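J.: For reference, the chains in residue letters:
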Amino acid sequence: MQKHVGFFLAGLMLLSIPIKAQKEEHFKSYHKTSEITTLLKSIKDQSNGKVKLHNIATSPGSNQLTVIEVGADLKNVPAVFVAANMQGVNPLSTEGALYLTEYLTAHKELNKELKWYILPVGNPDAAQNFFAVSKIKSPKNAFAVNDDMDEQTNEDGVEDLNGDGFITMMRVKKPDGEYSISKTDSLLMTKDEDGDGGWTLYSEGTDNDGDGLFNEDGLGGINPGINFPHAFKYFDKVSGLWPGYASETYGIMKFIYDHPEINMCITLGESSLLTNIPEPGKGGFDPEKVKLNSRIARISGLSPQQTYSVKEVVKAISDAHPEYDIEESDVVGMLMEKALTDFQKQDLSFYKDLSKKYQTNLKKQGYQTKRIKPEDPLNGSIELWAYFQLGVPSLSVNLWTPEIKSDTTKTKKDKVEATKKAKPGKEEQLLEYYKNTNQKAFVDWQVYNHPQLGEVEIGGLIPFMDNTPVEDSIASILAKQIPALASICSELPAFKFVGTKLSPLGGGVYRLETYLENIGNLPYPTYMGQINQQPAPLMVTLKGDGLSIIEGKERVRVKSVQSHHAQKLVWVIKAGKSDVLKLATSCPAIVNIEQEVKIEK
Amino acid sequence: MKNILLVLLVMIGHHIMAQNEQHKIEVPLRFDFYYNYDEVTEALKALHQAYPKLTSLDVVGQSEEGRDIYALTINNEATGKESDKPGIYVDGNIHGNEIQAGEVCLYYANMLLTKYNENERIKKVVDKNVHYIVPVVNVDGRAHFFNDANTMHSSRSLRVPRDDDKDGLLDEDTYDDLDGDGSICQMRIRDPFGKYKTDPEDERLMVRVKPGEKGEWTLLGSEGIDNDGDGRFNEDAEGYLDPNRNWGYRWNPNYIERGSGLYPLSGVGLKALSEYVMKRPNIIMAFMFHNYGGMWLRGPAVKDETLAPVDVKLYDYLGQNAEKMTPGYRYMPSWELYPTTGDYGEFMYNICGAYTFVGELFMGSQETYRKDITKPEEDRDESNREKLKFNDHLGLGELYKPWVKFNHPQYGEIEIGGWVKMSNRLPHPFMLNDLVHRNASVILFAAEQTPEVTMDVFDIQKLDGKLKRVRVRLTNAKGMPSLTGISVKEKLFPQDQLSIKGAKVITGGQITNLLLDDVKYKEYKPEIQFVTVPGFDKKEYEFIVEGSGKITIEYNSVKAGKLSKTIML
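Protein chains in written order, with our numbering: chain A, 1 to 601; chain B, 1 to 569.
Mixed in with the good hints, there may be bad ones.
Claimed, not checked - Lysine to any residue pairs mimicking SDA-like chemistry, simulated, CA-CA at most 20 Å apart:
#1 B:491 to B:281
#2 B:166 to A:258
#3 A:543 to B:281
#4 A:553 to B:231
#5 A:559 to B:279
#6 B:491 to A:216
#7 A:553 to B:228
#8 B:279 to A:143
#9 B:525 to A:155
#10 B:525 to A:187
#11 B:166 to A:567
#12 B:525 to B:507
#13 A:291 to B:339
#14 A:598 to A:515
#15 B:271 to A:255
#16 B:303 to A:335
In short, the hints are calculated from the structure, not lab data. Since this is a predicted model, take the numbers as computed values, not measurements.
All chains, full assembly: derive it from the sequences and hints.
T.: This is the structure:
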């Protein structure tokens, strides 16, 4: 009996289905913490048990991290984890998560055989800064950190000196100042490499503790968004003392590992792996030229002095130990002394494929895709961790940055140039966008009499203008972005048995052959997942009453199945009492399937 | 046949009884037997009960199976609050099978308490320091090591199941005590093509066959059956989550560091312990005991890290002395043994800013049967024979089980025998007293070297007008600096603060050359100077103050205590 995998095609069909009316009134403004709580409660109450809420952690500022489970009535189905606003500086990502929740409850096809766990605010303490009387864009949670290692903690934070409701910048004339006023626009400041710019920049505030430093030890904190264990930055106050030190991060990791059905991770925030596909690794590991450690040399019988390709090593081990079931990724894992930091070439193909589909979907929705380039994923971020350590496809999406006329950072050379002048480049683009849309994104520099610095000027970019659209446009952006993104779920791996054949060999002995085909557009597991062996193994079981297996095992591990590829499985059996054999997959991260094979005696 | 079985059953019963024998726990504690988990708890309670004024007993947290992890704090409140004293942290048995590490901790506690009124050295470290003692970190591991059949290496993990063989099932193929003797020994099968033959000098042993020789035995590994029918034996036993790879410093995923767990401090007991030590920033010296090799290991645990020279200097001082107190132990950076990441020692040093030694306790070379112990046997077969003679003559025959036939459900007729679980990594109890005393003496020596800072106002001079010059000297009489080098370098803690209250400080700074009156003045907030007082050394400061009457000079250190002095200007 073949079970159908309904969700597989559902997403693809979605874009052609008229989108059901979203509750637009819910997305007229950005939601504060208390409003999110109310909205989630109401979604849950109206869901007939299909939506469940999980409190997975409490932030240092006593805010709950709530995961919304959409598809709570489903059992034994894979799941997608969506993390939004992990750095607490991207209010639109929270709206995106809430919109997605409502969208899924309205589009049951998307959670027919797929569960969604959605975390709308991963960093609730920092997220409140957007709603503060004096807006500040800071990813720090409320954990007390002595940033300047003096005798006090949190004693010297920023202040809204000019009372305009924003924490912007102060510039002050200094002979050795590193900044100069930009030649492009007097609103902007340019870093002067020669150090003779004449201006010094500070964030807005005073030196509260009289140590000569300005705003060096403000409220908080740790950024849970960079507190994950992949490429974690040690000895950095904002990263935390160790990965998982932030209660938010620890709670998220625990929740995800407690749910092995999670087979994809989507991060809504600053970066966009879906539009800025990672580049293949440039160094560190070359699968064509590997040197063997003593362990692999011993197992393979190869020389530790020479170099080999991974393929050659696999062959040598398989020849020396036919009992081992070994693949390339196993060898890569055994060879590694340091955790991998390059996206694996074998996985980049699905990133390219998904990116293309997503961008096509966006265009179909009429969404302008030429925009200021989103940030790169940060070391210690959830999106990198999900790919490198969970071993699942990890997609990150930046829902909005201001439009640009053309992407000036496309070529390699331009990229190098843009990196050199990263800030001014982006600010110039912002300035242009806001001028064209008649909006104010910068506070004009105004003289201010500072109690310690004397005459200063206060001004600069208004917090959140680079990543947060005006409230009026939230609903229209999300109405385009979320369906395009949700359709990606249709890409998850899904399986069927094909070409199943039972051949009698005589004397009640049979040869059973089948192919397990992955009919989804993603491999299971990813190549990275094969290396780190973290995703739950995909097992195929063969059962039958009184059946004895002569060759093969009752439980067979299928190490990897690429999308639209199949793995051949063979058993030699002696039939027992029953004339029915049962083939089945067993893996928490997929929709499991079964097939009955009749023995014609 | 029946009679033989009966004799065997009686023998087995006796063996199990001997292992689980209940001991009477009294203070002073005895160290001629191993304490099971309940007895460790009882011993800690007994110590606390006997010395209520010097101790407190805390539950750090619970393990995966709900057992309490205890910490005994030894502090004389009469000489100061614990947070104002340099803390010594001592733990053991993070690997469940490494049980004598717990005995070292118990012995250290017992020594400090029972000799407090008798011995000046002991009295001094009890009065000056606070001692945090966690004898058993892996409480589940210890309990199971005693209660279940094990090899000398098993029951090491936290009780967090892991799918070691990647078949979708958890811990489904563990060892089996086929002969029911409480130990997981070895299995062998007769095989003319085997790589081993009976040792012609001792039939209980086997030796490798030489080229061209006929074999006699094939070794089948540890006692057990193929529980999950995958053709492999004991390949998915308890865990494996190594409690000494699950910590947050340089944690690596499992494909790089086996046993590291899913994420840092995923072990619930370890998480609780991390919170316990983080709440005690005064810890400046830590000892963590393990049980194999005879070593004093310090960081770094990986080759590509280097320690601050000031820390190496202190480690060398302690380590070289420790080597002499524990003959045969080698003092070295732990990466030279093998590189590790995510271990507790590195967490303690790099995150908690405490000097940390991992003490590897057991030395097989001490199990001798020879006249001249200075030249250990290098030939493997000879060494095995000597070990067996040690077992016969000194171990009362309790460490090795002769081979006995067994009808194995999958292999057919095999033999089971070899070294039992209480052998090879654990000294026979008659050697325990010596081991625990020597190692506890090393802790005592290190405790004595924790910073002992004194403050002198050595110069007060009237300057022009209302100005006065006050000079203060901070002296550290011991080898350990008031803050570890790593703490200063990586800003783990604020440096010690020397401050003046009661007068306006016009300027102040460190005296860089007293003879020449050179002072490096601090531009901002001169009333607070940040300082680390080096070991066996001093630091001098000058303050130019305006005012008269009483002023108070305070020294406030996270790890080296607090001092205050009031003077008249």
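J.: State for each hint whether it applies.
T.: Hint by hint, here is what the structure shows:
1. B:491 to B:281: 13 Å, holds
2. B:166 to A:258: At roughly 17 Å apart (the allowed maximum being 20 Å), residue 258 of chain A and residue 166 of chain B satisfy the hint.
3. A:543 to B:281: With a Cα-Cα distance of about 58 Å, the restraint between residue 543 of chain A and residue 281 of chain B is violated, given a limit of 20 Å.
4. A:553 to B:231: 9 Å, holds
5. A:559 to B:279: Distance ~45 Å between residue 559 of chain A and residue 279 of chain B Cα, so the pair is violated.
6. B:491 to A:216: 14 Å, holds
7. A:553 to B:228: Since the Cα atoms of residue 553 of chain A and residue 228 of chain B sit roughly 10 Å apart, the hinted pair holds (cutoff 20 Å).
8. B:279 to A:143: 15 Å, holds
9. B:525 to A:155: 14 Å, holds
10. B:525 to A:187: Given that 20 Å is the threshold and the Cα spacing comes to 35 Å, the pair is violated.
11. B:166 to A:567: OK: residue 166 of chain B and residue 567 of chain A at ~18 Å, within 20 Å.
12. B:525 to B:507: With a Cα-Cα distance of about 8 Å, the restraint between residue 525 of chain B and residue 507 of chain B holds, given a limit of 20 Å.
13. A:291 to B:339: 19 Å, holds
14. A:598 to A:515: 17 Å, holds
15. B:271 to A:255: 16 Å, holds
16. B:303 to A:335: Holds. Residue 303 of chain B to residue 335 of chain A sits at ~17 Å (cutoff 20 Å).
Comparing the model with each earlier hint shows violations of hints 3, 5, 10; every other hint is respected.
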